[in-house]
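Chains as they are written, first to last, in the working numbering: chain R, 1 to 118; chain X, 1 to 114.
There may be inaccurate statements among the hints.
Covered, in the sense of this in silico footprint (three residues per stretch, anywhere, with C-beta under 8 Å from a C-beta of chain R), are these stretches of chain X [said to hold, decoys possible]:
1) 33 to 42
2) 106 to 113
Quick list of the computed label-pair ranges, beta carbon to beta carbon [unchecked claim]:
3) R:P118 with X:R110: 24 to 32 Å
4) R:H117 with X:G16: 40 to 48 Å
5) X:K71 with R:S26: 31 to 39 Å
Some chain X residues flagged as far from chain R (calculated, every beta-carbon gap over 12 Å) [unchecked claim]:
6) K9
7) N26
8) E62
Please keep in mind that the hints were generated in silico from the structure rather than gathered at the bench. Where a beta carbon is used, it is the ideal one built from N, C-alpha and C, also for glycine.
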Amino acid sequence: AQSVTQPDIHITVSEGASLELRCNYSYGATPYLFWYVQSPGQGLQLLLKYFSGDTLVQGIKGFEAEFKRSQSSFNLRKPSVHWSDAAEYFCAVGALNAGGTSYGKLTFGQGTILTVHP
Amino acid sequence: DGGITQSPKYLFRKEGQNVTLSCEQNLNHDAMYWYRQDPGQGLRLIYYSQIVNDFQKGDIAEGYSVSREKKESFPLTVTSAQKNPTAFYLCASSIGTSATGELFFGEGSRLTVL
């Protein structure tokens, strides 16, 4: 079974500073990886996803993530954080069904809460 | 606009009562999901359905029940057998057996047991 670990429960950065949120996964085959963001009391919004090809993927709101198979990691980065980026971030890995195609049954990490200081 | 609507947003329940959370989508998605969110534990899958009149248990199905009589609707019942039902519940949908696996989420329902 797949699993996801987000080592950092809470990260605090200053506005304008760079950001990296860590994500490590465990999965026997090629993973389908996602980053979602959640504002307080809201649902989750997809930031970006990786399926294959270029290991550096671009997402919305200026975020990017890099897939490193050798390290089983899919870290999320942003060069300059804005106060509106304060939220909780979730990394997730997608499962494959018997037919070899993915569907939306995801395994999520525990989440990382991002606080941004002015 | 297309999306997922969950209701109610807040719900209070006395111990021993069953409650039903509503989830409706107009995205024409085949698959629907219920996740439970607790602080520091991420999201855990309760039930999912890939097609009408069919659904499967997720990782924490005990004490919950679902139905999928219509493509647009996937209600979740939290029964009195659920030992710790206070949580934030998220409904989601996806296109189905596509290669993307992207989930679209509702805004959630917060259940508090008094």
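Structure-based check of each hint:
no. : hint                           : result
1   : 33 to 42                       : holds (count 5)
2   : 106 to 113                     : holds (count 4)
3   : R:P118 with X:R110: 24 to 32 Å : holds (29 Å)
4   : R:H117 with X:G16: 40 to 48 Å  : holds (46 Å)
5   : X:K71 with R:S26: 31 to 39 Å   : holds (34 Å)
6   : K9                             : violated (8 Å)
7   : N26                            : holds (15 Å)
8   : E62                            : holds (18 Å)
Hint violations for this structure: number 6 only, all remaining hints satisfied.
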